[in-house]
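Visitor: Chains as they are written, first to last, in the numbering used here: chain A, 14 to 102; chain B, -8 to 75.
Be aware that one or more of the hints could be misleading.
DEER-style ranges, computed between Cβ atoms [what the hints assert, rightly or not]:
1. Trp74(A) with Ile(-4)(B): 20 to 30 Å
2. Leu(-3)(B) with Arg78(A): 40 to 50 Å
3. Leu102(A) with Glu69(B): 19 to 29 Å
4. Gly7(B) with Asn37(A): 17 to 27 Å
5. Gly77(A) with Ile(-4)(B): 41 to 51 Å
In silico SDA-like pairs for lysine to any residue, Cα to Cα no more than 20 Å straight-line [to be verified]:
6. Lys39(B) with Arg42(A)
7. Lys36(A) with Arg78(A)
8. Lys36(B) with Phe87(A)
Not the full set, but computed from the structure, chain B residues with beta-carbon under 10 Å of chain A [stated by the list, open to error]:
9. Met25
10. Phe27
11. Asn32
12. Val38
13. Thr56
14. Asn62
15. Met65
These are computed hints drawn from the structure, not numbers from a lab.
Remember, it's a predicted structure, so these values are computed and weren't measured experimentally.
Yeah, the Cβ is synthetic: ideal placement off N, Cα and C, and Gly gets one too.
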Amino acid sequence: MSSASPQPEEAAAPAGSPSEFLKNIVGKRVKVRIGSGVDYHGLLTCLDGYMNVALEETEEWANGRKTAEYGDCFLRGNNVLYISALEEL
Amino acid sequence: MASTILPLELVDRCIGSPIWVLMKNEREFTGTLMGFDDYVNMVLKDVKEFAVTPEGITETDLGETLLNGNNIAMVRNESMLAVV
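Just chain A, same shape as in the assembly (with noise of 0.2 Å):
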């Protein structure tokens, strides 16, 4: 199982897939976690099949504690432990 390749298209993608779940959750704010456990919260701007994010009005946090702030934020999809909503979907 290659964690270089992005996920592949499906025409009929089930309800509750990674694709469908991309899909629904641009536009809304979301907290990335990295693998080093810091936090990134913003509004999500896109994202691909690789989990490469970028993210607007982003805050970061680490330990609990806000550590800097970005208009505009990239983040490498290999370092994505989560991405999860901040708001309902």
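Could you slot chain B onto chain A? The hints should help.
Guide: Structure of chain B alone, referenced to chain A:
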């Protein structure tokens, strides 16, 4: 003689059930499995994240979450515990 079952089929049977996901590191997640893909990236809802830190175990509540399959080591179906 039991019929063979494929691992991804077993995960598919968990859709809709509460599950417990263990990562390769000192981190665990519980939640309801909404779906997954060929890489076992998982979509969970009503998620709790458990992380082991020097201070103890920290618990975090998350909304609907896409968990990267890269770090997943094991998945347990929590609803099966009631059978025993």
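Visitor: If a hint holds in the structure, say so; if it doesn't, say that too.
Guide: Right, here's what the structure says about each hint:
Between Trp74(A) and Ile(-4)(B) the beta carbons are some 41 Å apart, a value that contradicts the proposed interval 20 to 30 Å. Taking the beta carbon of each, Leu(-3)(B) and Arg78(A) are about 45 Å apart, inside 40 to 50 Å as hinted. Restraint check, Leu102(A) to Glu69(B): a C-beta distance of roughly 23 Å satisfies the suggested window 19 to 29 Å. Between Gly7(B) and Asn37(A) the Cβ separation comes to about 18 Å, which falls inside the hinted range of 17 to 27 Å.
Our hint of 41 to 51 Å for Gly77(A) and Ile(-4)(B) holds, since their Cβ atoms are close to 42 Å apart. Between the alpha carbons of Lys39(B) and Arg42(A) the distance comes to roughly 19 Å, so the proposed pair stays at or under 20 Å and holds. A distance of roughly 30 Å separates the Cα atoms of Lys36(A) and Arg78(A); the hinted pair therefore is violated under the 20 Å criterion. Of the supplied pair hints, the one linking Lys36(B) and Phe87(A) is violated, its CA atoms being roughly 25 Å apart against a limit of 20 Å.
Below 10 Å, beta-carbon pairs count as interface contacts, and Met25(B) has one with chain A at about 3 Å; its hint therefore holds. The restraint placing Phe27(B) at the interface with chain A holds, with a minimum CB-CB distance near 7 Å, inside the 10 Å limit. Because the closest C-beta pair between Asn32(B) and chain A is about 5 Å apart, less than 10 Å, the hint holds. Annotation: interface hint on Val38(B) holds; nearest CB of chain A at approximately 7 Å, less than 10 Å.
A cut of 10 Å between beta carbons decides the hint on Thr56(B): the least distance to chain A is about 4 Å, and the hint holds. Interface hint at Asn62(B): satisfied, since its Cβ lies 6 Å from the closest Cβ of chain A, which is below the 10 Å cut-off. This hint is violated: Met65(B) has a C-beta 15 Å from the nearest C-beta of chain A, more than the 10 Å allowed.
Checked against the numbered hints above, the structure breaks hints 1, 7, 8 and 15 and satisfies the rest.
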